[in-house]
Amino acid sequence: MEYCLKIEKAIYLKKNLKNDLQVNGRKYNKKLWEIINKIVDDDGNYTWIDFLNFLYLPYFNEIKEIYKEEVAIIKIKPLLKKYINWRLWNPDNGIRFTKLKDKWYVRF
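Following the numbering used here, the numbering of the sequence shown begins with 893 at its first residue and continues without gaps.
No lab work stands behind these hints: they were computed from the structure.
Note that this is a predicted model, so its numbers are computed, not measured.
Please note that a few of the clues may not be correct.
What the hints assert, rightly or not - Calculated cross-link-like contacts (lysine to aspartate or glutamate; reagent style EDC-like; alpha-carbon spacing at most 16 Å):
#	residue 1	residue 2
1	K956	D984
2	K906	D984
3	K991	E961
4	K910	D933
5	K910	E962
6	K906	D933
7	K922	E961
8	K930	E961
9	K919	E962
10	K906	E926
11	K923	E962
12	K930	D912
13	K898	E926
14	K898	D942
15	K956	D912
16	K910	D942
17	K907	E926
18	K910	E954
19	K923	D984
20	K930	E954
21	K960	D933
22	K898	D933
Go ahead and model the full structure; you've got the sequences and the hints to work with.
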């Protein structure tokens, strides 16, 4: 019986997750690898049979969920920055623009 190491577990999970989630691009590969290394721990001496029967599916589902959340954050962050800038400086109803307009004729 051979025991599986943490790195072997991580590589096996990454290979299967990459196929399942259709990960393309270096940035997304790196994010997936970081998540896998955070989740997978070296929590005992398990054989490959034990790992595949009892630990693989919970790891797989948890990493899949976290990866989808992280990718959504990566994709929406630039849009949020644009929206915040638009909301602050919009000439019609922007927050800072209206404050600046109200103070335009106030004496110093």
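Here is what the structure says about each hint:
For the suggested pair K956 and D984, the alpha carbons sit about 43 Å apart, so the restraint of at most 16 Å is broken. Among the hinted pairs, K906 with D984 is inconsistent with the structure: their alpha-carbon atoms are about 49 Å apart, more than 16 Å. Note on K991 and E961: the hinted pairing is violated, with a Cα-Cα distance of about 36 Å set against a maximum of 16 Å. Distance restraint check for K910 and D933: the Cα-Cα separation of roughly 19 Å exceeds the 16 Å cut-off, and the hinted pair is therefore not satisfied.
Proposed proximity of K910 and E962 is supported: the alpha carbons are some 15 Å apart, at most 16 Å. Between K906 and D933, the direct Cα distance comes to roughly 14 Å. Compliance with the 16 Å bound is thereby established for this hinted pair. Simply put, K922 and E961 have alpha-carbon atoms about 15 Å apart, close enough for the 16 Å limit, and the pair holds. Taking the CA atoms of K930 and E961, the gap is about 15 Å. The hint holds against a cut of 16 Å.
Distance restraint check for K919 and E962: the Cα-Cα separation of roughly 12 Å lies within the 16 Å cut-off, and the hinted pair is therefore satisfied. For the hint pairing K906 with E926, the CA-to-CA distance comes to about 10 Å; that is within 16 Å, so the pair holds. Taken as a hint, the K923 and E962 pair is honoured in the structure, with Cα atoms around 8 Å apart against an allowance of 16 Å. Proposed proximity of K930 and D912 is contradicted: the alpha carbons are some 19 Å apart, above 16 Å.
For the hint linking K898 to E926, the alpha-carbon distance of about 14 Å falls within 16 Å, and the restraint holds. Distance hint between K898 and D942 is fulfilled; the C-alpha atoms sit about 14 Å from each other, no more than 16 Å. Proposed proximity of K956 and D912 is supported: the alpha carbons are some 9 Å apart, at most 16 Å. Under the criterion of a C-alpha separation no larger than 16 Å, the hint pairing K910 with D942 is inconsistent with the structure, at around 22 Å.
In summary, the hint linking K907 to E926 is supported, as the alpha carbons are separated by about 14 Å, within the 16 Å threshold. Restraint check for K910 and E954: satisfied, since their Cα atoms lie roughly 14 Å apart, inside the 16 Å limit. In summary, the hint linking K923 to D984 is not supported, as the alpha carbons are separated by about 40 Å, beyond the 16 Å threshold. At roughly 11 Å between alpha-carbon atoms, K930 and E954 fall within 16 Å of each other, so this suggested pair holds.
Of the supplied pair hints, the one linking K960 and D933 is violated, its CA atoms being roughly 21 Å apart against a limit of 16 Å. Distance check on the hinted pair: K898 and D933 sit about 7 Å apart at the alpha-carbon level, within 16 Å; holds.
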